[in-house]
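Trainee: Listed here are the chains, written in short residue letters.
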Amino acid sequence: MYNDLKFKFWLSGRLLFNKQILFGGSAPLSFLGLVLGVAALVASMSVMRGFESSLKQAMIDVTSDIQIIKKGKLIESWDEFAADIQKIDPSIQKIARFAYTEAVIASKGKVSGVLIQGFDFEQVSEILNLKSRVREGSLQSPLETIAIGQGLAKRYGLKINDEVYLAVSLATPFEDDNFKRQAKSFKISAILDFGKNDWNERLILSHLPDFQALTQIGDRYTGAFVKIEDSDKAPELSQKIENELGSRYAVLNWYEVNKNLFKAVKYESVVIFFVVFLIVIVAAFNISSTLYVLIRQRYQDIAILKALGSTQKNIQIIFVMQGLLVACLGCLFGFITGYLLSQGFMFLQTQYPLISGSVYKIDRIDIRLSWIDFFLIFIATTFACLLATYPPARKGSQLTVVEGLRED
Amino acid sequence: MIQVQGLRKNYITGSSHVSVLRGVDLNIQAGEAVCLLGSSGAGKSTLLQILGTLDRPTEGEVLFEGASLFEKNDDQLALFRNETMGFVFQFHHLIHELSALENVMLPGLLAKLPREETKQKAIEWLEFMGLADRASHYPNQLSGGELQRVAIARALIRNPRILLADEPTGNLDSENSAKIQTLFFELQKKLGLTLIVVTHDLQFAQAFSKIYRMKDGYLTSN
Numbered sequence: 001m002y003n004d005l006k007f008k009f010w011l012s013g014r015l016l017f018n019k020q021i022l023f024g025g026s027a028p029l030s031f032l033g034l035v036l037g038v039a040a041l042v043a044s045m046s047v048m049r050g051f052e053s054s055l056k057q058a059m060i061d062v063t064s065d066i067q068i069i070k071k072g073k074l075i076e077s078w079d080e081f082a083a084d085i086q087k088i089d090p091s092i093q094k095i096a097r098f099a100y101t102e103a104v105i106a107s108k109g110k111v112s113g114v115l116i117q118g119f120d121f122e123q124v125s126e127i128l129n130l131k132s133r134v135r136e137g138s139l140q141s142p143l144e145t146i147a148i149g150q151g152l153a154k155r156y157g158l159k160i161n162d163e164v165y166l167a168v169s170l171a172t173p174f175e176d177d178n179f180k181r182q183a184k185s186f187k188i189s190a191i192l193d194f195g196k197n198d199w200n201e202r203l204i205l206s207h208l209p210d211f212q213a214l215t216q217i218g219d220r221y222t223g224a225f226v227k228i229e230d231s232d233k234a235p236e237l238s239q240k241i242e243n244e245l246g247s248r249y250a251v252l253n254w255y256e257v258n259k260n261l262f263k264a265v266k267y268e269s270v271v272i273f274f275v276v277f278l279i280v281i282v283a284a285f286n287i288s289s290t291l292y293v294l295i296r297q298r299y300q301d302i303a304i305l306k307a308l309g310s311t312q313k314n315i316q317i318i319f320v321m322q323g324l325l326v327a328c329l330g331c332l333f334g335f336i337t338g339y340l341l342s343q344g345f346m347f348l349q350t351q352y353p354l355i356s357g358s359v360y361k362i363d364r365i366d367i368r369l370s371w372i373d374f375f376l377i378f379i380a381t382t383f384a385c386l387l388a389t390y391p392p393a394r395k396g397s398q399l400t401v402v403e404g405l406r407e408d
Numbered sequence: 001m002i003q004v005q006g007l008r009k010n011y012i013t014g015s016s017h018v019s020v021l022r023g024v025d026l027n028i029q030a031g032e033a034v035c036l037l038g039s040s041g042a043g044k045s046t047l048l049q050i051l052g053t054l055d056r057p058t059e060g061e062v063l064f065e066g067a068s069l070f071e072k073n074d075d076q077l078a079l080f081r082n083e084t085m086g087f088v089f090q091f092h093h094l095i096h097e098l099s100a101l102e103n104v105m106l107p108g109l110l111a112k113l114p115r116e117e118t119k120q121k122a123i124e125w126l127e128f129m130g131l132a133d134r135a136s137h138y139p140n141q142l143s144g145g146e147l148q149r150v151a152i153a154r155a156l157i158r159n160p161r162i163l164l165a166d167e168p169t170g171n172l173d174s175e176n177s178a179k180i181q182t183l184f185f186e187l188q189k190k191l192g193l194t195l196i197v198v199t200h201d202l203q204f205a206q207a208f209s210k211i212y213r214m215k216d217g218y219l220t221s222n
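Residue numbers (the working numbering), protein chains in the order written: chain A, 1 to 408; chain B, 1 to 222.
Looking at chain A on its own, in the form it has when it is part of the complex:
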């Protein structure tokens, strides 16, 4: 059985790879169509996967797997709170406190709204991956310095060591209509690419003591960053934490924060797969028509094989195997071309602003090639090619010896 299959595969390969087919007629063009179809699939899937993964990574790097925020009030006793959280699930690895508030930045005659987040840089470094996002300067800086996003830096023309003013409104619970403000100047110690456009435009990171002094909240916190073992399990675990803590706390996970966007990316991936797969289907039709021509040229060989004792089924298998071979090679070259296209896209991103951050939330996509995508593309392409080669293979196998020999 194995030897017989090996023989058929060998013969179909030998009949397929000859100079006339490789360098003449429509066969190379049909094959090129298939390669381009597969390459387009690989490139589009890797961009979609990359988009999803870049967004996910940005979320985890900057906001952690799970954020717990106390609604309306601040957390008074951190140690007690942290111990309670730690008990909820053994997969919780690290917890770090943070506080945030809306603020106004003023510099070089410009003013705009920002979000200041205050935390202990050393403590959060075990949870957030901010170091990898530093583009200029350093996060290891003295007090009264802040880190800003690259969008904000660009908009204000800010550089390292430039000074900006941050103003916050102070809580005045007894006089709702009385606005009290507090302002302070800070030096810029780092410029970051937070990975998400609105963060790059609005987010400012400060040392916790600075934040507490500016907002006058004392030793209190807005919430906690939580790192867990497996980021993909964040949605389930955040639900568990929410159930344990009750309605006084808002529990957000990286997925939930941009749930609609992640869902949209998933649906778009499926739609794009099928739309781009149409190219492969068209290429498969081209291969089918080319195979009709090739089989027409093979009438004598088919007749001889039959005269020598080959059955109709054997002939059919030999030509269907040609379809399989074409599909495999198309996938191989398509994967390589798709990979190169993806790398080209990566390079172009460094040269030109291809992705609009204001539209897609992120302005740079890391290409991600997934084995699952390769496998799916391979299976779909092979299936399309086999389906396309079956009719010509069947027609060829039905040829009688006498008809074939008459082709002299």
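Everything hinted at is true.
Over the 10 Å line for every Cβ pair with chain B, so calculated as not near, a few chain A residues: (1) Glu242; (2) Val257; (3) Ser370; (4) Phe374.
Quick look at which bits of chain A chain B covers, simulated, 3 or more residues with Cβ under 8 Å: (5) 7 to 15; (6) 295 to 304; (7) 309 to 315.
DSSO-like cross-link-like pairs, simulated, lysine-lysine; straight-line CA separation at most 30 Å: (8) Lys121(B) x Lys8(A); (9) Lys395(A) x Lys72(B); (10) Lys119(B) x Lys313(A); (11) Lys184(A) x Lys108(A); (12) Lys266(A) x Lys240(A); (13) Lys6(A) x Lys112(B); (14) Lys56(A) x Lys71(A); (15) Lys112(B) x Lys72(B); (16) Lys119(B) x Lys6(A); (17) Lys112(B) x Lys189(B); (18) Lys227(A) x Lys266(A); (19) Lys72(B) x Lys8(A); (20) Lys112(B) x Lys395(A); (21) Lys119(B) x Lys8(A); (22) Lys190(B) x Lys119(B); (23) Lys233(A) x Lys94(A); (24) Lys70(A) x Lys259(A); (25) Lys263(A) x Lys227(A); (26) Lys240(A) x Lys87(A); (27) Lys240(A) x Lys73(A); (28) Lys313(A) x Lys112(B); (29) Lys72(B) x Lys313(A); (30) Lys94(A) x Lys227(A); (31) Lys6(A) x Lys121(B); (32) Lys180(A) x Lys110(A); (33) Lys233(A) x Lys70(A); (34) Lys112(B) x Lys8(A); (35) Lys131(A) x Lys263(A); (36) Lys73(A) x Lys227(A); (37) Lys227(A) x Lys87(A); (38) Lys121(B) x Lys313(A); (39) Lys266(A) x Lys56(A); (40) Lys240(A) x Lys263(A).
Honestly, the hints are just simulated from the structure, not real lab data.
The beta carbon of each residue, even a glycine, is placed where N, CA and C say it ideally should be.
Following the hints, complete the assembly by docking chain B onto the known chain A.
Mentor: For chain B alone, kept in the frame of chain A given last:
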């Protein structure tokens, strides 16, 4: 060994009805060398194709050792051909993408025989044909006589009992033609083959023990 009874073959092309064989009766004994002689269009190739189970008759029967051949389905006939018959055609009909050795191996590989065993046998046959040094050559690198000898080796690799040849020397020069003719009889004697050859070459035909003449679809003389 082979009995042909009332064999007819008609072709319908459009509105015209062509009778190529009009009732042929024939007996061929095992080990005989039989020649079918006749002019072009007499029906000798059609008869050979039916004897070789490459085509089915419109009417009549072909019995092989008493059993009707055309009661078998196409797959059974393919197996029968592979095991029992060898074919040589006017044009060598070798597969251009395969070397001489690979062409000779084909019937064995189609019969699912082990590759090494088949290869060994093919080499032996090529050596017998004096083509050992041409084994790796492709058809476009061989001369007419060499091509036909490779085709004969291919026909014999499965040790067939019957060798059918349709104008095997029709495409060769006189020197190669004489060599192939000699080879046929040498093989027939050596292997005890039943040899059925279609030719219009009278000189070649005279060397056969039995000559059948065909004219207008009839077997006219023995």
